[in-house]
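Visitor: Spelled out from the first residue to the last, the chains are:
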Amino acid sequence: MDKSTIAIAQTDLRLGDLEANLAIYERFAADARGAGADLVIFPELSLTGYLLKDMVPNVALRLDAPEIGKLRELSRGTALLAGFVEETPEFRFYNSAAYFEDGELLHVHRKVYLPTYGLFDEGRYFARGDRIRAFDCRLGRIAMLVCEDMWHPSTVYIATLDRALTVLCPSASPIRGISDGAEQDDNARYWESLNRMYARTFAVSIAYANRVGFEDGVGFWGGSEILDAAGNCVAKAAYYQEDLLIHEVSHDVARRQRIVAPMLRDEDVDLTINELSRLRGRLPKAADEPRRAFDGAVNDE
Amino acid sequence: MKQAAKTVPTPDAPHGLLPIPTNPPLLRRILTAFIANEVRKVGLERVVFGLSGGVDSSLSAMLAAEALGPGNVLGIRMPYRQSSAESLEHGEAVARRAGIEMLTVDITAQIDAYFEQFPDADKSRRGNKMARERMTVLYDHSARTQALVLGTSNKTELLLGYGTLHGDMASAINPLGDLYKTQVWALAAHVGVPAEVVEKQPSADLWAGQTDEAELGFGYADVDALLYLMVDLRYSSEDLVAAGFAAPFVQRVTAMVRGSQFKRRLPVIAKVSARTIDRDFRYARDWGK
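Chains as they are written, first to last, in my numbering: chain A, 1 to 301; chain B, 1001 to 1289.
These aren't lab readings, by the way, just hints derived from the structure by calculation.
Mixed in with the good hints there might be a few duds.
Using 20 Å as the maximum straight-line C-alpha spacing, the simulated SDA-like pairs for lysine to any residue come out as follows [to be verified]: (1) B/K1041 with B/P1024; (2) A/K53 with B/L1044; (3) B/K1289 with A/K3; (4) A/K3 with A/D216; (5) B/K1041 with A/K3; (6) B/K1123 with B/E1066; (7) A/K53 with B/R1265; (8) B/K1041 with A/V218; (9) B/K1289 with A/R163; (10) B/K1041 with A/R138; (11) A/K53 with B/F1281; (12) B/K1041 with A/D216; (13) B/K1289 with A/N58; (14) B/K1263 with A/D243; (15) B/K1200 with A/N58; (16) B/K1041 with A/A23; (17) B/K1289 with A/A23; (18) B/K1041 with A/R14; (19) B/K1041 with A/R163; (20) A/K53 with B/L1216; (21) B/K1289 with B/L1044; (22) B/K1289 with A/L18; (23) B/K1041 with A/L18; (24) A/K3 with A/Q241; (25) A/K53 with B/L1266; (26) A/K53 with B/G1288; (27) B/K1289 with A/R138; (28) B/K1041 with A/P57.
Covered stretches of chain A (in silico footprint by chain B; criterion: 3 or more residues with CB under 8 Å from a CB of chain B, positions within the stretch not fixed) [claimed, not checked]: (29) 53-67; (30) 76-87; (31) 100-111; (32) 128-140.
If you want a taste of the chain A side facing chain B, the calculated C-beta under 10 Å gives, among others [said to hold, decoys possible]: (33) E122; (34) G123; (35) R124; (36) E183; (37) Q184; (38) E215; (39) N232; (40) Y239.
None of the values given here were measured: they were computed from a predicted structure.
Ideal placement from N, C-alpha and C gives every residue a C-beta, glycine not left out.
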């Protein structure tokens, strides 16, 4: 499909209350369907709330849970991206995003980068996803990345090399940091620059779905947005309040952008793989492993 | 700025530091949204708070009135017989400006009745007792009017421990707890707190002639600059001295922050079970809200 209409449900929600949040999903999905949207995107963990802590196992859903069945049904007519806690048969818990279309679950992305610093404690409660995959749906080829995933440029790089033309990013981004003269908080402004840079660099459309509301005094700034593949913000939701953002996205922009700036075409994947292979084992690994000093010897292979 | 002019100049702080960002329009938007959200999600519409006539409670009055509507905000003046008449007048002026409901509860009788048994109590004990007496009044009216108790402690006094545990530090929600005093002043001026309240010397008004800066021994402008670098930007003591702060000032403030950590935590629970409250029994306060 060359054109598709994307809706973003910028919701507030109830922490740890699946039933109440499913009702919010139904309300926004109906509005999105009424507006002719092909897809409605909900924020990260919007079926459960964000600051779950020890509640994680209590609100987790297996993919055969009745609530997931409801989301399947809800995706008839207008596809749906849900943010929830996924429980696996071996009892692992993931911060996941699921894409439903016409009653089918097409794809699940498990958040790879779990922020565990400052006010964030996700690594304590969630298992870490281990893959980034684009997939085909009615919007064409897309990829999902959850919030902090996007702060790692490698994720968008992989998604676009995997031929995604659109990146969907459900998020629960908090208000954090104040600067003089700025209309929004520091975190909002960083996200906005990040989204523009990725869209333009990789010539990819981005739909960024943030939530609103407060949990234990932590506010979520909203400001959801849709960017075209030239890095222009073509639709912007309100800050700090609920909103339903709807916009038609066309791949024409990506086509033109990839003609005038064919960086993705010119990307040397083998070079990248070779260099990363060389570095493998020398860089500090995941944050939970002992850090190894980089020995500085880079020219010995 | 007029705020800087009224603080006691000290040789301890460097000049020419980047000022603490204030951004009053953005803070106003965030804090009014915070009050409305955190009050309504527990099924309530109202707040009650101690209206001292100082800049912190005055700012809280204005923000709460904007967030919830003035009719949902109750400010209580709780004078002791030695409290200054000016504080009472300022409280009334703020209540009028904000359009909120105001109540006056004199705590003299209960304070004096108590200290008749302990006539040797020093002014610190008496001041703390008054702060806790006021807390009990607020929580009683919280129950009477179905209102959350709105805290008015700012980040500077919370970090320094310059408040009474279970007294003025007690509240249900606190919109100002992440704002330094200099940010409180800027926001107060922005939202229309009367100038005489914004510009007066800050005081806990626990005894005649008390002022914060005389009692602390340094000015808010200086200590805010220090705390902002230390806490928000994570400067080490060495970094702070290198930035131009006098080493004894850095050491004193560091000791105050560390020494008052207990005031910012729940009571220490002896761990005996596999799952102890707050240690490995971890839930958000907004659980199910």
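Visitor: Please list, smallest to largest, the hint numbers that this structure does not respect.
Guide: Of the numbered hints given earlier, those the structure breaks are 1, 2, 3, 4, 5, 6, 9, 10, 14, 15, 19, 20, 24, 27, 28, 30, 31, 32, 33, 34, 39, listed in rising order.
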